[in-house]
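4 protein chains.
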Amino acid sequence: MLRDCEPSGIVFLPRYFDMVHTVIENWLDEALDWPMSQIQGSDGLSVPFVNISADFPAPSRLGDRLTWRLAVREMRRSSMWLELTGTTGAETRVEVTGTLVLSEAVALRTRRWPDAITERVKDYLVAPDGKARKIAE
Amino acid sequence: MLRDCEPSGIVFLPRYFDMVHTVIENWLDEALDWPMSQIQGSDGLSVPFVNISADFPAPSRLGDRLTWRLAVREMRRSSMWLELTGTTGAETRVEVTGTLVLSEAVALRTRRWPDAITERVKDYLVAPDGKARKIAE
Amino acid sequence: MLRDCEPSGIVFLPRYFDMVHTVIENWLDEALDWPMSQIQGSDGLSVPFVNISADFPAPSRLGDRLTWRLAVREMRRSSMWLELTGTTGAETRVEVTGTLVLSEAVALRTRRWPDAITERVKDYLVAPDGKARKIAE
Amino acid sequence: MLRDCEPSGIVFLPRYFDMVHTVIENWLDEALDWPMSQIQGSDGLSVPFVNISADFPAPSRLGDRLTWRLAVREMRRSSMWLELTGTTGAETRVEVTGTLVLSEAVALRTRRWPDAITERVKDYLVAPDGKARKIAE
Numbered sequence: 001m002l003r004d005c006e007p008s009g010i011v012f013l014p015r016y017f018d019m020v021h022t023v024i025e026n027w028l029d030e031a032l033d034w035p036m037s038q039i040q041g042s043d044g045l046s047v048p049f050v051n052i053s054a055d056f057p058a059p060s061r062l063g064d065r066l067t068w069r070l071a072v073r074e075m076r077r078s079s080m081w082l083e084l085t086g087t088t089g090a091e092t093r094v095e096v097t098g099t100l101v102l103s104e105a106v107a108l109r110t111r112r113w114p115d116a117i118t119e120r121v122k123d124y125l126v127a128p129d130g131k132a133r134k135i136a137e
Numbered sequence: 138m139l140r141d142c143e144p145s146g147i148v149f150l151p152r153y154f155d156m157v158h159t160v161i162e163n164w165l166d167e168a169l170d171w172p173m174s175q176i177q178g179s180d181g182l183s184v185p186f187v188n189i190s191a192d193f194p195a196p197s198r199l200g201d202r203l204t205w206r207l208a209v210r211e212m213r214r215s216s217m218w219l220e221l222t223g224t225t226g227a228e229t230r231v232e233v234t235g236t237l238v239l240s241e242a243v244a245l246r247t248r249r250w251p252d253a254i255t256e257r258v259k260d261y262l263v264a265p266d267g268k269a270r271k272i273a274e
Numbered sequence: 275m276l277r278d279c280e281p282s283g284i285v286f287l288p289r290y291f292d293m294v295h296t297v298i299e300n301w302l303d304e305a306l307d308w309p310m311s312q313i314q315g316s317d318g319l320s321v322p323f324v325n326i327s328a329d330f331p332a333p334s335r336l337g338d339r340l341t342w343r344l345a346v347r348e349m350r351r352s353s354m355w356l357e358l359t360g361t362t363g364a365e366t367r368v369e370v371t372g373t374l375v376l377s378e379a380v381a382l383r384t385r386r387w388p389d390a391i392t393e394r395v396k397d398y399l400v401a402p403d404g405k406a407r408k409i410a411e
Numbered sequence: 412m413l414r415d416c417e418p419s420g421i422v423f424l425p426r427y428f429d430m431v432h433t434v435i436e437n438w439l440d441e442a443l444d445w446p447m448s449q450i451q452g453s454d455g456l457s458v459p460f461v462n463i464s465a466d467f468p469a470p471s472r473l474g475d476r477l478t479w480r481l482a483v484r485e486m487r488r489s490s491m492w493l494e495l496t497g498t499t500g501a502e503t504r505v506e507v508t509g510t511l512v513l514s515e516a517v518a519l520r521t522r523r524w525p526d527a528i529t530e531r532v533k534d535y536l537v538a539p540d541g542k543a544r545k546i547a548e
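As they're listed, the protein sequences go chains A, B, C and D.
Under the working numbering, the letters of the first sequence match residues 1 to 137, in that order.
Under the working numbering, the letters of the second sequence match residues 138 to 274, in that order.
Under the working numbering, the letters of the third sequence match residues 275 to 411, in that order.
Under the working numbering, the letters of the fourth sequence match residues 412 to 548, in that order.
In isolation and in its complexed conformation, chain A is listed as follows (with noise of 0.2 Å):
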């Protein structure tokens, strides 16, 4: 898209984090049935990021498709700690790893995994394979 690019033509680094997050809220809604509209509204929650740290072994491109895959390194009581990878063909693109916290979107302290949703985790928790699941972004 026109809108990832800048004008030496390769996408502009801040897009990645727009696209990271894009995928992180559909994984949150599709795959753990929690939309972002009821984390941040009726639940009065808010998951931002601690930290997160990119690689780009290579440059993409106008008109490069990437392909997401997201999985879970470890989680922990009130944070996980993810790995997201964006790909175009057999060529990795970027890298990602972030701390995601569960916190109160008011006060900003951190708060307990529900149940549920730790449950709906396991099936992205990086398996003795170490192959993570595709993800639509």
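Quick caveat, the hints were computed from the structure, so don't treat them as lab data.
Cβ coordinates follow ideal geometry from the N, Cα and C atoms, glycine included.
Some but not every residue of chain C turned toward chain A, in silico, with C-beta under 8 Å: (1) Met275; (2) Leu276; (3) Asp292; (4) Thr296; (5) Ser311; (6) Gly337.
According to the in silico footprint, chain A covers these stretches of chain B (three or more CB under 8 Å from chain A): (7) 139–151; (8) 177–189.
Given chain A, work out where chains B, C and D should sit, using these hints.
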């Protein structure tokens, strides 16, 4: 700014990376006298990040003003290791480190930094006192 | 999506124009078989808006899903007058009209639409029933 | 700024509306002493556009600096009709008109402008000479 915040009222993570890019473009232009319109225009070059990492010790909210500081941790042949910090008052809100690479815009092969740039960057290399320079966003 | 909403919880106006651009890029690619990577790449062309106008009869909130429709009000030598509508259920949230111009990417002089494109656009010209086609964002 | 431009090197249309929002937030804050953090915070209000229209007589490119001017065409009970112009040197790049509405953040019902605001806006009402004030983006 409204554009930086999401419904929970805190800064939306990808916006921090927009700000980082703005700080770096202003630094290249004003401190190094090397505007992006020249880098990507007549020079035919590009300065993408090959990796970037951020910690968010505390959230920023609508109306907070971030002050950014930039330091060069290390300058290499065709890359530099940057450190940026965004603070509000005495509180650190975001700490970013990343590797910027000089490359040809089309082939994306790395290039050696021009001597004039290497010279000007010296003022921003982390000094024995570890202090970073304040940069306008 | 969080990226679309501001602290008051409603869609941030500039995001509507991001969506409009995405709808048009998808239409050019999927309906007219003319992807932006070709337009701006091998073809050396650009399709900027020279004017755009939007009405927002009702606000959109986090979690709402907009369905977009696109129609061509008029096709001229080197421009077309587009109409896009975004709805949620039965409610119209945004109505956009604007003039897209085909121009050379460098000189920005106008260019005549390729015949193949003119032909394919016919399906989207506003019909006597005034109905517009549904387009994926 | 790179974030404003797309691969063809010209400003990406939605970015103009980001700039318009920034100009208006700065105007509300600095000229009307009514920062968005107060409007959407303690005041529980929101000031969305209900319509907006833009003309782009000439494209802007990476490195161009836009100077913005703002005028109030008309002030009504709960809305105002704004006009913004962005120029580079003597050249007009963008002309925007739009209607801003004061509303309650939750119910989105319209509200009368506070008297203090109505008073301060008078300086920006289009004068007989038709001149608009210069505003920082």
